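K.L.:
Residue numbers (the numbering used here), protein chains in the order written: chain C, 1 to 116; chain F, 1 to 112.
Simulated from the structure, these hints should not be mistaken for laboratory data. Bear in mind the structure is a predicted one, so any value in this text is a computation, not a measurement. Check the hints yourself; a few may be wrong.
Computed list of lysine to aspartate or glutamate pairs in EDC-like fashion (alpha-carbon distance at most 16 Å, straight line) [stated by the list, open to error]: (1) F/Lys1 - C/Asp56; (2) C/Lys15 - C/Glu85; (3) C/Lys44 - F/Glu3.
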Amino acid sequence: EAGVAQSPRYKIIEKRQSVAFWCNPISGHATLYWYQQILGQGPKLLIQFQNNGVVDDSQLPKDRFSAERLKGVDSTLKIQPAKLEDSAVYLCASSLEFGQMNTEAFFGQGTRLTVV
Amino acid sequence: KQEVTQIPAALSVPEGENLVLNCSFTDSAIYNLQWFRQDPGKGLTSLLLIQSSQREQTSGRLNASLDKSSGRSTLYIAASQPGDSATYLCAVRGNYGQNFVFGPGTRLSVLP
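Work out the full structure: start from the sequences and follow the hints.
P.N.:
Printed below as a string of structure tokens:
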């Protein structure tokens, strides 16, 4: 079974530029998450999708971050314009729909973003 | 709001020792708890998932326990090996479809 795929693995941009990350979840997983992990900290949720719909985006800085999940499968996360403090690893995860017995979360390798 | 803490923040042990990592959470209304391993520069690898109705789960040399009423989980690693060196993260999920809330992690070093 293929895991969660993310691209790119690394990205270096200048502040005020824009960047986009892509995620392909495990087939059949209805729930998709984007997390931000700053060095030395645990991951923090940015946005959670259930199929096409947003379940939780309360911690997403909506003035600069946006995310979409097309047809309930792939997802993209965009930052525009980027700030120095956005330097972090962006992790995508997926799980079966909440309410099912096993909602174990599976994570991708992440995208390491450096804003200079 | 759920808050998750992990103690210790870092741990260094000689090879072969048994060790315990601790995870505490403030809201006991959880759906499940998951332990992850993270190697430097890598994503998270799932180790064990404990449903709220379970007391423990085992996989190989790993054993995770859950005490919901006291808001605690422990990850026990038996006969540690240098390959176990990594950061270990616990994450809890609430009862209403909420996302996983993570602790800050414990950085483990197992010395040969």
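K.L.:
Taking the hints in turn, state whether each one holds.
P.N.:
Hint by hint, here is what the structure shows:
{"no.": "1", "hint": "F/Lys1 - C/Asp56", "result": "holds, 14 Å"}
{"no.": "2", "hint": "C/Lys15 - C/Glu85", "result": "holds, 10 Å"}
{"no.": "3", "hint": "C/Lys44 - F/Glu3", "result": "holds, 12 Å"}
Checked against the numbered hints given earlier, this structure breaks none of them.
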